[in-house]
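Novice: Hey, can you work out the whole structure from these sequences and the hints?
These protein sequence lines map, in sequence, to chains A and B. Each residue of the first sequence is one higher than the one before, starting from 282 at the first, in this note's numbering. Each residue of the second sequence is one higher than the one before, starting from 7 at the first, in this note's numbering.
One thing to keep in mind: the hints can contain errors.
Short derived list, chain A residues pointing at chain B, Cβ under 10 Å [claimed, not checked]:
| no. | residue |
| --- | --- |
| 1 | R492 |
| 2 | N506 |
| 3 | E552 |
| 4 | P556 |
| 5 | R616 |
Just so you know, these hints were derived from the structure itself, not from any lab. Idealized CB from N, CA, C, for every residue including glycine.
One letter stands for each residue in the lines below.
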Amino acid sequence: MEVLAAAETSGAHVAVLLVELGSILFVLGLLGQLAQRISFPVIPIYLLAGLAFGQGGFLALSASRDFVNVAADIGVILLLLMLGLEYSADELTASIRTQTPIGVIDGVLNAMPGAALALIAGWGVPATVALAGITWVSSSGVIAKLLADNGRLGNRETPVVLGVLVMEDLAMALYLPLLTVLLAGGGTGGIFLAISIAVATIAVVMLVATRYGHHVTTLVSAKDNESLLLGILGLTLLVAGIAEALKVSAAVGAFLVGIAVSGTVAQTAAELLTPLRDLFAAVFFVFFGLSTSPGSLPPVLLPALALAVITSVTKLATGYIAAQRVKVKRRGRWRAAVALIPRGEFSVVMAALAVAAGAEADIGPLTACYVLLTIIIGAAVQRLPDRLKPEPRRRRAPQEPTVAS
Amino acid sequence: MNIDITNRVLPGIGVCQEIDLRDGHRIGVVSRRNGLRDLIFYDEEGEGAAAAVSLSEDEANAVAEVLGAPALTFRLAVLQRHAEGLIVEQLPVPADSPYARRPLGDTQARTRTGASIVAVLRQGAAVTSPTPDFVLLPGDLVVTVGTQAAIDQVAQILDGTADSADRTPNG
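Specialist: Structure representation (structure tokens):
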């Protein structure tokens, strides 16, 4: 009888879990359709949905909490894995060679406002470092979508914009371990150790990827898609777990696996993993919204708005300077400038790390507002540069032969 | 004839190739890793897109074939001029052809007539250098190169009016 009763409660538990999970995903599907129709990025929509579902929101979750929790962790890992798969090691080394100065300018200009606000608010070092990172990194996902939707992929300034994103993503491979250690409260020794491990790991992975990338690739490559999917997912979770145990952060481990896998295998893996990433990343953004209570938003709205405006301006400067370096004309410089404004997945990842470590209560709601505002501002000003007067075009070859008198 | 193509790597997305046309316009093609192709028409500055269309892999192939087909005809015309006595003809595959829905190799056209089948035109698209296992369909146009006599023989084979290797008088 006891067994039966236990089975009954577990049955009820499963039922509640399925209903909760089902309603979340179903609503996300509807919202995604809406976003597609108005051609708006989905990340802010997912965040808003999470806020609506969360503590004090329209619908509080009970049974599916644990599952959503784990799914959110996997979401981060898949986000970073896909990011790594998108870049080949050669692209990364080429970017480091040519884009380092602009990467430094980008970091300094955009991390400072976040750090400044945290210092004004009297936050501790870990939360300050987190907020600096949150305002620093633009969203590769949102920006790639906006560029494609606005037909800007072929533009002269687009490689520059993508170059900035590559540098930021690479910088995160160092910044995330640093943040993880700081949040865990490790002393100077711990920080030094973690950074050393991270640098060594990245160096080894880059070396392995450029020299022996095909071996890693052979390890997971398979004739059938099913084995490839399981192989790469397994390897990624394994490395992410080990990285987490070494306090290098699971996300970084996943990112490095993505970089190490190359060629057609990377392409096939990216195709296979896209639906999984979409599912788990959606859960991650919703989870972040869920863990933020809507009541905590109004007090942080003003600081978030100020931060969004200031860091939009610093991003404008970054994009403008980056495009100017490669002699793009004025209109293209402004297009590069507005493209970089949206923040997204990395900012949320860092805020989630900070929240999980219990660093500062306000950082969650602040980041949720901030990310929403930067994406709205970014999407709103995206088409403004087109109104600028065009500069006359330099012809590569004279159009008409000049008449010699 | 020498046309410069400028390549730009787009990290994480693919590659953009840009061509300057002789009338001063500039066009570009973005090849994304996921198979999509974007066709770009640049604005008066030549740096930003005035218009961009996204093509699926199939659409891009269709456009490429439509654009490439005249080049094939042009090459055949050159061939025709250079080789005395050789002509090019497009022979239809009628609906009642004995070789409709059968592999090209079954016609044994080259062995039996000496003429070469260099391409098959189907619904406006050209399949160049078809292999023996290429299956002919009613309505296909078979582009054949050879002497007039050889081409006439191929036409008869396709029509089913030639003495066929696999249709013996007793059969």
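Novice: Does R492 (chain A) pass the interface check with chain B, least Cβ-Cβ distance below 10 Å?
Specialist: Cβ of R492 (chain A) sits 20 Å from chain B, so the hint is violated.
Novice: Is the interface hint for N506 (chain A) satisfied, with its Cβ closer than 10 Å to some Cβ of chain B?
Specialist: violated, 16 Å
Novice: Take the shortest C-beta to C-beta distance between R616 (chain A) and chain B; is it under 10 Å?
Specialist: holds, 6 Å
Novice: Classify the hint on P556 (chain A) as holds or violated, based on whether any CB of chain B lies nearer than 10 Å to its CB.
Specialist: violated, 13 Å
Novice: With 10 Å as the cut and Cβ atoms as the points, is E552 (chain A) at the interface with chain B?
Specialist: Holds - the Cβ of E552 (chain A) comes within 10 Å of chain B, reaching about 7 Å at its closest.
Violation of the numbered hints given earlier is confined to hints 1, 2 and 4; the remaining hints are satisfied by the structure.
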